[in-house]
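Participant: Protein sequences appear in the order of chains B and F. Sequential numbering from 474 applies to the first sequence in the working numbering. Sequential numbering from 0 applies to the second sequence in the working numbering.
Don't read these hints as lab results, they were simulated from the structure. Note that beta-carbon positions come from the ideal geometry of N, C-alpha and C, so glycine has one too.
Derived lysine-lysine pairs resembling DSSO-like cross-links, with alpha carbons at most 30 Å apart:
1) Lys609(B) / Lys157(F)
2) Lys837(B) / Lys157(F)
3) Lys900(B) / Lys837(B)
4) Lys900(B) / Lys846(B)
5) Lys837(B) / Lys617(B)
6) Lys617(B) / Lys157(F)
Per label pair, the in silico range of CB-to-CB distance:
7) Leu171(F) / Ala745(B): 38 to 44 Å
8) Ala253(F) / Val847(B): 49 to 55 Å
9) Thr30(F) / Leu568(B): 56 to 62 Å
10) Thr784(B) / Tyr56(F): 54 to 60 Å
11) Gly805(B) / Leu171(F): 31 to 37 Å
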Amino acid sequence: MEIEQVREKVFEGRPGFPREYGPDRTDRQPGYPFWPHEVYRDLVIILLMTGILFVLSAAITPPVGPAKNPTIQPFIVPDWYLLFSWGLLKIAEILPTGLVQIPAPFGPLNVDGAFWGDVLTAIPIIPLFLLPFVDKGREERPAKAPVRSALGIFLIAWIFSASFYAINNLTIEKWPFLGSDDTLKWFFVIPPVLTGVAAYVGLRRLGYREMYWWRVIPIGIGLFLLLLQVTDTFLLQPLDAGRSLGDHLGTLAQPQVQALAFVVGMVVLMTAVVFYAVTFLDERRAKALLKPFFVLWLVVLLLVGKFIVDTQPSSFAYVLFQTMPSLHLIYGVPIFVLITAAVGLREPYSAYEYLLNECYQCGKCHTACPVTKVEDDALGGLNLVYNTFKKQHDGVPLWTCLACDACSAVCPLDIQYSDYILEERAKGAGAPQGGEA
Amino acid sequence: MAKMDPIGRTNRFLFGWIRERFPTVPWADVTRQGVETVQRQLPRSHTEKYELKTVWYWYPLYCLGGIAFVAFLITVITGIVLGFYYIPDGTDTFTAAGLPTNPAKLSVACINGDSECPYAAIPFGFIIRGMHHWSAHMMIAAVFLHMCRVYFTGAYKKPRELNWILGVILLLITLFFGYSGYLLPGNDLSGGAATIGINMAKASPGPPWLGEFIANLMFSGTDVLTANYILRMYWFHVFILPLVGTLLMILHMALVWVQGVGEPH
Chain B
474 MEIEQVREKV
484 FEGRPGFPRE
494 YGPDRTDRQP
504 GYPFWPHEVY
514 RDLVIILLMT
524 GILFVLSAAI
534 TPPVGPAKNP
544 TIQPFIVPDW
554 YLLFSWGLLK
564 IAEILPTGLV
574 QIPAPFGPLN
584 VDGAFWGDVL
594 TAIPIIPLFL
604 LPFVDKGREE
614 RPAKAPVRSA
624 LGIFLIAWIF
634 SASFYAINNL
644 TIEKWPFLGS
654 DDTLKWFFVI
664 PPVLTGVAAY
674 VGLRRLGYRE
684 MYWWRVIPIG
694 IGLFLLLLQV
704 TDTFLLQPLD
714 AGRSLGDHLG
724 TLAQPQVQAL
734 AFVVGMVVLM
744 TAVVFYAVTF
754 LDERRAKALL
764 KPFFVLWLVV
774 LLLVGKFIVD
784 TQPSSFAYVL
794 FQTMPSLHLI
804 YGVPIFVLIT
814 AAVGLREPYS
824 AYEYLLNECY
834 QCGKCHTACP
844 VTKVEDDALG
854 GLNLVYNTFK
864 KQHDGVPLWT
874 CLACDACSAV
884 CPLDIQYSDY
894 ILEERAKGAG
904 APQGGEA
Chain F
0 MAKMDPIGRT
10 NRFLFGWIRE
20 RFPTVPWADV
30 TRQGVETVQR
40 QLPRSHTEKY
50 ELKTVWYWYP
60 LYCLGGIAFV
70 AFLITVITGI
80 VLGFYYIPDG
90 TDTFTAAGLP
100 TNPAKLSVAC
110 INGDSECPYA
120 AIPFGFIIRG
130 MHHWSAHMMI
140 AAVFLHMCRV
150 YFTGAYKKPR
160 ELNWILGVIL
170 LLITLFFGYS
180 GYLLPGNDLS
190 GGAATIGINM
200 AKASPGPPWL
210 GEFIANLMFS
220 GTDVLTANYI
230 LRMYWFHVFI
240 LPLVGTLLMI
250 LHMALVWVQG
260 VGEPH
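Only chain B is shown next, with the shape it has when bound in the complex (with noise of 0.2 Å):
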């Protein structure tokens, strides 16, 4: 076959694939083509990331170890990528086991800790198959679907903590300050959940949306679920003959039940308070509540404190050092209230730059703003939203627009600049921020 008729039937005629081809082509085709503009690109990737692994390779060597040995089995940790895997095989010794039976050949099964370590360890791969039939739609930044994000979040945070509890033994060696063994256990949950409900207040913030009260309330009664039932494991429970004091306060934490109680009380109020605040009031008022909320139960802290120390010495200093091993995790409750709340309650104008910054010039609002059609600046090309947030403004954008809110309408982004331009008006013209519409 002659080359012609070879290169006449492979491409001709396919959509995509014209007459003309190579770099004589005449048509213009707009965008970076792969040779060279992409592979000096990647060639720059490849070439520092191989002298990186030269460097690591030639300065790191990783050891070998000792040889496998047959008669003794050494205590050994995974690689860091399937500790996850090993800390749930250590989690799954708190799941009932037994043989369960089925009739052969399909049973019986063997429930045991190795079994549960199987199921844990497939639990969060099967739902990533599943994912993209639950989750549809389009692809949305990670400020824009909060609830995938604080979800993903919540997953990652788990899985850190999976694998720092795969670590248990030695965690316990290093930091004994962190109690025992069961405390470790509530790692599995505590830390994700708090960062993962931070995440999505943050983030329905950082959107500048409004919380949805029915995703908000079962969240928040969750919470309180959660703090209940830690609370009732570690302190008032009775102590069981198999465990140490350490794991258990039981019955001799019953006289100091007050104490306790005002502790546990404290952190279970400022946690109510700020979550019901940042998610229902807008911020000026959330503000308003929050501010003296702080200073007060910061005096009642130290008032109620110093009565206990006062009255009670010794229950004082029971609570503060028995707490320590098992309950340091409700102590970290106020430091997550605390992140939340600053991140809840941004100023807003940080919040409308967020979203300007969506803007990918599509110049719609141009077209649709009536003020281009009559202003002499704005028949220059002026775009009101883009050098608005570019900064490129005299002011003139600022106070002649009508707040008609035509770009809005037919911004595919959905970007509300009149709300922007509102608000930059108000704090133009001194009135008080904030303030969700």
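Based on the hints, put chain F in the right spot on chain B.
Facilitator: Quick look at chain F alone, frame taken from chain B:
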């Protein structure tokens, strides 16, 4: 016929001889045309398409998949070199001092240049092994971060569902690559990891014979003392996983090429 210089005549004779028997020219030409045509058809990012000045601050994270692939290429190259020297034999023997050892461990000691090596040490073997080790770690970290990026930008949604599932399979393959890799040196880590692995395989949800079948399939035995798991994992590590993994990676990247990157605008 015009007189040609000796080199030209030699070339003409040699390549003409080959060309008569193996006519490569049309296909080379067609390939060149294809590359030159297709390279202008790369799916462009939104920024490139509309020549925008704004660059989304997540764009640097879009190179993580490529970094994972480059790290994979480095492990392949260094792995081919290691394959010349590694002995996939985990039979337990004892040294003159009575310490346990095995041929796999000794071959790794030779690659690493350790003193217990009974043969000639491999010059710069520790660099090759180190690069294999660290680029494998880099690949797994990059794969995990790449997956996080895809998740948080929602890039797994229509029409990229298939590519997401391919990616999850590739994640599992990558993890199994790592696991089978650190079972190979025959050191204490391999022994301990094989024990956990065999126990987990035996405890597979289902009837006992299923777990035993899986343990036999993956580790060539149900007892860590008698199973020749190093040979089995060697074959997984150097043949089955690279074959399946490379094919799926090519498919994965071909789909990205066809569909373009997911941009959450």
